[in-house]
Structures are given as structure tokens and as C-alpha cells.
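Student: Here is what each chain is made of, one letter per residue.
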Amino acid sequence: MTATLAPVLTRNWGTDRSWTLEEYKAQGGYEALSKAFAMKPEEVISEVKDSGLRGRGGAGFPTGMKWSFVPQDNPKPKYLVVNGDESEPGTCKDIPLLMASPHTLIEGVIISAYAINAHTAFIYVRGEVVHPIRRMQRAIEEAYEAGLLGKNILGSGFDLDVIVHAGAGAYICGEETALLNSLEGLRGQPRLRPPFPAVAGLYQSPTVVNNVESIASVPSIIKYGKDWFAGMGTEKSQGFTIYSLSGHVRRPGQYEAPFGITMRQLLTMAGGIRTGHELKFFTPGGSSTPILTADHLDTVMDFESLAGLGTMLGTKAMQVFDDTTSVIRTTLRWVEFYKHESCGKCTPCREGTWWLVQLLTKLEAGQGEEGDVDKLLNVADTITGKSFCPLVEGAVACVTSAVKYFREEFEIGYTTPAWEHLPYEKSALFTIADKEVRS
Amino acid sequence: MSGHDDYTHTGSVDMTDNSTRIDQEAIDQLTALVGKYPQKRSALLPMLHYVQAIDGRVSPRGIEVCAEILDITPAQVAGVATFYTMYKRRPAGKHHIGVCTTALCAVMGGDALLETVERKLGITTEQTTEDGMFSLEKVECNAACDFAPVMMVNWEFMDNMTPEKAEQLLDDLAEGREVHSTRGPQITSWADSEKVLAGINDGKADEGPSAGTPSLEGVRLAAEKGWTGTPDAESQKGGDS
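One line per chain: the protein sequences are A and V, in this order.
For the first sequence, my numbering assigns the number 1 to the initial residue and increments by one for each residue that follows.
For the second sequence, my numbering assigns the number 1 to the initial residue and increments by one for each residue that follows.
Since the hints were derived computationally from the structure, they do not count as laboratory data.
Quick caveat, the model's predicted, so the values are computed rather than measured.
Just so it is clear, CB atoms sit at the ideal spot from N, CA and C, and this is done for glycine as well.
With a straight-line cut-off of 20 Å between C-alpha atoms, the simulated SDA-like cross-links for lysine to any residue are: (1) 204(V) with 145(A); (2) 225(V) with 264(A); (3) 36(V) with 163(A); (4) 225(V) with 4(A); (5) 165(V) with 425(A); (6) 40(V) with 203(A); (7) 345(A) with 388(A).
Which chain A residues stay away from chain V? Per the calculated CB distances, all over 12 Å, these: (8) 193; (9) 275; (10) 374; (11) 420.
Only chain V is shown next, with the shape it has when bound in the complex (with noise of 0.2 Å):
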């Protein structure tokens, strides 16, 4: 976010694109936004989400009626809808793809995922396909390093990848098949997800598993040992788990 050229997703919204999907239903969902927060302002990063779930994109209209409900300038709402990565300034793919290669997944074969989804979609990072299906990006640390090396689907996990799992896995999304996250619901598009990060519920929470092999590594060690973290687990020593 620095400025600097080599940052191809950084720059302004794209305002010679003036198409736009946002119709008096999408304006009163942006509104209703509004009313949770005690100042409005506060409300804008969910109606860029919003914004992005309708159009595809953070759009000239979007912004123009971000700028008109919370009673600031166009300006000032470009100015945040370009300092956040998550939101697009040119139309994302159906399925927005990330790749994780901070440190850690990048050597333990983060590097490799990349090069084998380039080379599948025929795109590079920042860009979405000719068929609006994928849009591919270089995520940073996502916070499951114990399931590296990791990619995301419209920001819900795919642990543990490999090359294989990772064409198989573009494949079945292209051929429109049932694709569940290792550790979340089943795949739909990456405007559904932007929609629930707007602060729509789409009352998915009860798919998947409470956690990843991974995350209960320590719980499960301790059941085998008889170790106990509170008093009342007494009871449960040298129980399995």
C-alpha cells in the first residue's frame, strides 16, 4: 500500500467503467447498514463489501452512493476503498482464488501452488480470467499456518494443499461441482462471502466441522496424557477424546 509502482492492485477505482448493478434494493440494503453502528461513518467498510458482493467491483456508482448515504465526499470514500486490499478495483472472478506465500507457506510449497494455478488459469496474480470464473491473488499470512501450505476460496480455507489437490480443485470449481472448504461451507461465489463480511447472515454457521485436525492437536495430547486445564475436568482423565 505504499505507492509504489511495482503494486499492480494499488492505483484508483476504475472510473471509466460506469456499469453498475446497485438498484433502490441494493441502496436500502447499503442504508440498513447503517443503522447498526452508533456513527454512520463507521458503516462504510461493510457497504464497500457491499458494494463489491452487487457489482463485482468497488464501482464509480457504489461509491457515489456510499458518499450520498453516509453525507461525505466521493473522495473521501475512494480514498478508504483504496487503502484496503480486499476490495477490487477491477470486476473479480466468480471465484476469487488466494494463494498464501508469506514465509512460512511460501517454503513449505506456497511458492509451487502459485506457479501451478498461474499456469492452470492462464493468469497471473491481480488478474481474473477471460470468463469472469477466477480472479487470482497472492495472499498475505491468513492466520493457519499450522494447515500450511494454505489457499483460500472467496476467503474460506482450502488447508493443507498440494499441486494436485490444488488442480482438482480448480477443475471442479470450472465444471460447477460441489466443492466444500476443508474447514467451512460449501463454495458458492465470492459474492456471497462479501455479502456476509458486509454483515449479512446467510445462515451457513452450521456447516463444517467445529475445528481443523491441526487446531485440536493440544486436545487431543492432553485427553491421551490425563492432562487437565480446569478444575471441573477432573473427571475426564485419562479419557479419550
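Next up, chain A with everything else stripped away, as it sits in the complex (with noise of 0.2 Å):
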């Protein structure tokens, strides 16, 4: 099969001021807008559904069915509540789109919040990006000005408010209940499910949490049509997404296509692995999410080939490392993000991924004892799957894949240092790494 790119939500990236409401009206922004309040709102759920748009923020889940799930009769407000708080280590797709083109989220914004009525919404935006955050605030103002948000909207007779919140640095923020907390005015830790946020979400109202891309998916899908969005992609990964290649590649960036993608394709697309190098293996969703090998190359990047390998899609984050890499240290990084960002709640979490730092920072260092390697799976088996959130997954899942396809690379570590077996300034893109890779 011959792959393409599809660019839908960065087709306008590269537009001249492409954040401006004028810019997004004249490549026919909000045109889904009217479409959609020609509907009723469960014909817009039933689009949305039977387009087979799933989420994008790591988990898969089906959009439309998660819509579905919000109780009309409750007469509690519902709340509709974007999820950017894009921190899972290799994701940087959201806040580009946050950047160059806040009114198609904002488009989407309003037409989810019309399909699940929903008279508040909010953008929940990690704190450490103070751009893409501005982009976004002005882009709601001029939203207001225009009467495309507040009361009656464009004569709808539909009322909305949104608000953009800024975090304040925590990855567990993209837990949704974490989120959650977090928006009103809490630490920032995960709630135990069920119940479940469609149900009593923020303020303990029927709420609904998706992620940036998913909600800016949702005004292509209104606007072409359900059949145009699920004729592209998989049996059941309907659609398009962006990926994202970072690392050891000529062109890292943002590519957007229909899911049935392999790896070895986007990599072709992204020029390949820097010159007088070789693929040593890749994340294919973010960090929490198993690694791959250069063995893997032919994989098709959807859910369920992802899945049928032991891994998943996640955010579809790319990061790619080249033979010159420590796995040893690749991964001991990934483990002390994930002990730096274990919210403290659950023991497992908050100790585990403490003596998995402490395993692999003695491996690094070659002083590793025979039988460490084990202590490391063991110690991984006995965290996983214990506690509110699955954030210690992730950490597990760095360990134990990276273990399964680089054992012996971890047993040097009971004699040798990884920066000797592996100099680390070989990987670094301005010492050895020659200009024109980059230019």
C-alpha cells in the first residue's frame, strides 16, 4: 500500500497569521459551526460516533460512545473539558495546534458542548507554554467579539462559555481525574473510578474530558461527513492522526495521516535515521508506552497492531533513538520523569518507581550486581497494576520493554558504566553529529 499524508487539522500551520479568526474564516473555519446547529445535538453524537473518531489522548477510547454516556436527565450543568496538558515525554502535537490554529479547537469546542449540552467549557492547558496559552486567549476573545461564543450564539439560541486554565506544572494533570482535581483548585491527583467523570466529573457534575486533537477532529467530521472520516484508515482505527517523529531523524516534526501507516513509511517520510547511523528503537506512543526495534519496522501504526504487539498507540509520539544511545540511559530518565511526576497518593507508585531509579542509576553507573536485572523486573511486576491511575504503568513499561529486547545491554551494567560502553556525547546532535544532519 502506497501511504500519504492527509493534513486536515495542520493544513492551515503554515499559513500567515493562521491564529487569527480572519485567517481561519477565510479557509472556511466555522462552516461546520452552522452545520452542526442545523442538527439536532444527538445527531451530531451519532456523526461523531459513527465516524469512529477515537480518542487521542493515549487511550483510544470512541468520542462519540463517551458523549453517549453523559446523562441528559441529570439536572445537574455538564461540563465539557479539553484535556492539553501534553507532558507524556515524546507528545508535542497539541501544542503546536494550540498554537497556529486555536479556532479549530475552539470550533470544536462549541460543537461538542452542543452535542452533550454543555453551557461551560474549559481548555485546561499545561502551565509551561506561555505562547501557544496566549494564542488561545486571544483567540477566545475575538470568539466573543464575533458572537461565536457567549449568549446565542450566531442566533442558535445556544449559550457558551469558555474558559482557558493554565496548569501549574504537574504531568499527572493529563490523568482526567487528576485534571479534574486540579480545575477545582485541588493537588492534582487522580480520583478513584467509578464513578466515572460522565457521571459526576467537575464539581462533581456529569462532565466529559477530551483530549486537544480529539475535540479539533470533530468540526472536519461535521463539516465533510462521517463517511469521508471513516474511509480513511483501518478496519477499526477510522480516520487520520498526527504523529510525531522526534530523535535520531533528518526531519523530526509533525506528520498527519490516515492511521495504516507503517513505521518504516513515516520514517521514510521524516528522512530517515541520521546519516552513518541505524535504528535502535523507538517508543510508539510516548514514553509510557512499550518500545519497539528496528524488527518492528512494518508494523501498522493503529490501535489494534500496536496492541497485538504488547504496546499501544498512545499519543502516537515517536521518538526515535539511534545505535549510539544507552538504553540503560534512555530508560533511567523515563523512570525518574515518572518518580518526579508519581503524585505521592498510591505507595506503589510514589516507592516503586523510587527503587526502580535507584536499580537503574547503579546499572548506569556499572555497579550493578549479578541478579539486578531480575531485582528490576521484579520489583516492576510487583508495582504494576496497584494503584488509582496508571502512571506506574508507564514506568513499568519502559523497564520491562526495554529489558525484553536489550537484556544483555543491562547486564554490562554489573561491570561497565553505560557513558563508556556507549559514549553519550555521540548521541548528542552538536558534538559528533555533523551540521548539515540538521540543517
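Taking the hints as your guide, dock the two standalone chains into a single complex.
Tutor: Rendered as C-alpha cells:
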């Protein structure tokens, strides 16, 4: 099969002043909104359900189905919350979308809120990215000025207020119940589910939490139809999505394509591995998804194919590492990330990530002892599946998949420091890597 | 955030430093933030961003004022302030520098960048220079992996960094020369950024490009090959980018 790209969400990112209402409208923006207002809310839900759109934030849950779980007979207000806490290592698709085309998201928010009968929507963006937040704030002001937000939007009788809310530095707030706690002004710690947010979410009211890319995909589905969307992709992973390639590739970046494309095809589009090197391993969907190697290059990058390999599509964030890279070093850094970001609520995660870091630190320094690799796996096995949220599963996935494919390299850590086995400066872009690689 | 003692940035708010610049105007601004939300406590995160913008850190007075406005206890406010890494418990510098050292950036050169910055500033992470110009932090993945290795200045992107570029950047900032984010506005100060995070629009949305080069790689390739995504884009086939 010939692979092609299909720019839909990314289509207008390169145009001058793409973030303004004027430019967005000039490209056909907000046409889907008028179309949606001519439909009944339940028809909008059906359209999105039938398109096959699945959540783009990692779990891949069908978006329309999530919406249909909102109990409309519940007298409490309904809320829509957009998850823009993009923090999963490797993931870098939502931030450029917020910056280049905030109106795509706002149009999606209005249509989605209309579908679930919400009159207040929040866009929760991680705090460490000021410019995308600034662009979002301005776009919302423009939308109010143009009558696209507020009372009786475009004469439809539908009212909606949208609030951009900046986080304050916590990966865990990407987990939907932690995000809701954070939005309520609490520490961002996950809640036990059930009840699910659809029933008791923000302020204990029915709430839909969707990823930025999921909501941003909605206007295109309404505008061009469910059949157009479902006509792309594979049987159970329909439509298109943004793949993010980073690391030792010649042209790292955002590549929007129908599901069904393979890693080899994506890698080719990104110019391949930098000159003189070979692929060693990659994450298919962010650091929380078990790594794969050059043996898996022909894997179709969709939900089912990756699940079949014991990993996940996740956020479609492919961090690519070449043969200079120490797998112990990257695994340690990822696990240090999870240790740092553990909210501290559940003991297996809080303490377990700490133990994993200690063992990996010894192995990196070449001070591991015989049996440490098994101990690592033992700790991983002990802490997995025992917490409120899946954060610790991410840490465990890094460790178990790395050991699965590179056990011998970990055992070298019994005798030799990783930086001697694979000198770190060779992995950097600005020491050994020649400048033309990234020109 | 797990409470182990190897996190120098954790621990409680510094209650011994009672200095504050929070005046009636600041209190009015904090109170105004509450009005945006259906339930007032939701305003706490933006309010703490604003407290930092005024006091350079989460100050005891700031905690007190937030608690009074929201009708919760100072302990509840402090409990939130000490959970999130962006809230500083010691004064941050005029410019807050972040160097990403999560796996990918570290491998691509982030570790070397951090060493360069530490040496240049004479401080280590979680410290502030004596003149109050710079504070430094090791940041976790900042959602810009296709621009690695990445640094942040006042939470604005500084993409595709090298040690040479980092030294130049710090010199320019120290000398007060004009510096622009590679994908954003002219750099002013950490306090100004914190006001934006509090929800106060500073009117700079129109600065900077639509997107950085890596964000557009797919769009560029599609245009080159004549690939389109939407039915009405057919006419653009074969067009340039």
C-alpha cells in the first residue's frame, strides 16, 4: 500500500497569521458550526460516533460513545473539559495546534458542547507553554467579539462560555480525574473510578474530558461527513491522526496521515535515521508505551496492530533513538520522570518508581550486581496494576520492554558504566553529529 | 513530588520571609480572577500564578490573601502551592531558565546544555543568581521533542539549542539586549509570563510565527507530493507550500 499524508488539522498551520479568526474563516473555518447548529445535538453525537473517531490522548476510547454516556436527565450543569496538559514524553502535537490554529479547537469545543448540552467549557493547558496559552486567550476573545461564544451563538439559541485555564506543572494532571481535581483548585491527584467523569466529574457534575486533538477533529467530521472520515484509516482505527516523530531522524516533526501507515513509511517521510547510523529503538506512542525495535518497522501504526505487539498507539509520539544511544540511560531518565511526576497518593507508584531509579542508577554507573536485572523486573511486576491511575504502568513499560529487547546491555551494567559502553557525546546533535544533518 | 529528600525544590513555603508587594490593587486583581469560574476555588491555580508575578514567589502574604478570598484555610492553599512544580517557594530570577533533561532531550544534548548553563551562571538547578537575574530549573518534557534539545526562558520556547546558542542567549539577557523566543514573543520577564498564566492577556498573541519548521514538515512534504487531506483541498494539489 502506498502511504500518503493527509493534512487536515495541520493544513493551515503554515499560513500567515493562521491563529487569527480572519484567517481561519478565510480557509472555511466555522462552516462546520453552522452545519452542526442545523442538526439536533443527538444527531451530532451519532455523526461523531459513526465516524469512528477515537480519543487521541492515549487511550483511544470512542469519542462519540463517551459523549453518549452523559446522563441528560441529570439536572446538574454539564461540562466539557479539553485536556491540553500535553506532557507525555515525546508528545508534541497539541501545543503546535493551540499555537497555530486555536480556532480549530474553539470550533470543535462549541460543536462538542452543543452535542452534550454543556454551557461552560474549559480548556486546561499545561502551564509551561505561555505562547500557546496567549494565542488561545486571544482567539477566545475574538470568538466572543464575533458572537461565536457567549449568549445565543449565531442566533442558534445556544449559550456557551469557554475558559482557558493554565496548569502549574504536573504531568499527572493529564490523567482526567487528576485534571478535574486540579481544575477545582485542589492538588492534582487522581480519583477512584467509578464514578466516571461522565456521571460525576467537575463539581460532581456530568463532565466530558477529551484531548485537544480529539475535539479539534470534530469540525472536519461535521463539515465533510462521517463517511469521509471513516473512509480513511483501517477497519477499527478510522480517520487520520497526527504522528509526532522526534529524535535521531533527519526531519523530526508532525506528520498527519490516515491510520494504516507503517513506522517504516513514517520514518522514510522524516528523512530516515541521521547519516551513518541505524535505528536502535523507538516508542510508538510516548514513553508510557513499551518500546519497539528495528524488527517492528513494518508495523501498522494503529490501535490494534500495536496492541498486538504488546504495546500501544498512545499519543502517536515516536521518539526515535539510533545505535549510539544507551538504553539504560534513556530508561533511567524516563523512570526518573515518572518518579518526579508521581503524585504520591499510591504507595506502589510513589515508592516503586524510587526503587526502579535506584537500581537503574547503579546499572548506569556500571555498579550493578548479578541479579539486578531480575530485581528490576521483580520490582516492576510488584508495583504494576496497584494504583488509582496508570502512571506507574508507564514507568513499568519503559523498564520491562527495554529489558525484553536489550537484556544483555543491562547486564553490561554489572561491570561497565553505560557512558563507557556507549559514549554519550556521540548521541548529541551538536558534538559528533554534523551540522548538515539538521540543516 | 513524592516527598523524598532528594528533591530540593520540595518542602514548605518559606514562612520566614514575610516581604510582600501585594497591595490593594493586587488583591482586587486576585478577586477578579475568581469571577471567571462557576465555583470560586477553581481560581486558586491562576491566583497563585498571580501571587508569584507580584512577589516573585509564593509568599506567606499571598497564601493568606488567597485563603481569605476563597474562604479556605492557609494550609489548604499551601497544600496546593507545594504540589505543583511551577510554584516557586524561593524567589525566582528576573528570567527563569529551564533546560529539558528528560530522556530524549538529554540524549540529544540536553545534559551538555545544562552543564553549560550551570557553569555560565555559577548556580545549580533550583537556585537563583545573587543578582536576582536568573533562576534555573531542570524541566521535564516540555512538549517540543521535535525541536530537541529544548530550553525555556520564562516558559517561552528556545528550540534546537546548542551550548554556543545558550551562552549567547544568557549574555543577551544579562545585558538587557532584545531577545525573542524562537516561536514566540520578545522575552520580558518571568513575572510577566506568570501574569499571562493567571489569565491576564498581555496582547502579544500576534508576535512570533504560526509554527516552527518541524511542526510543518508533514504539510511541506504533502504539498510537494500533491497529497491532500480534505476534499476541498484538491485544487491545492501540486501547489507549493
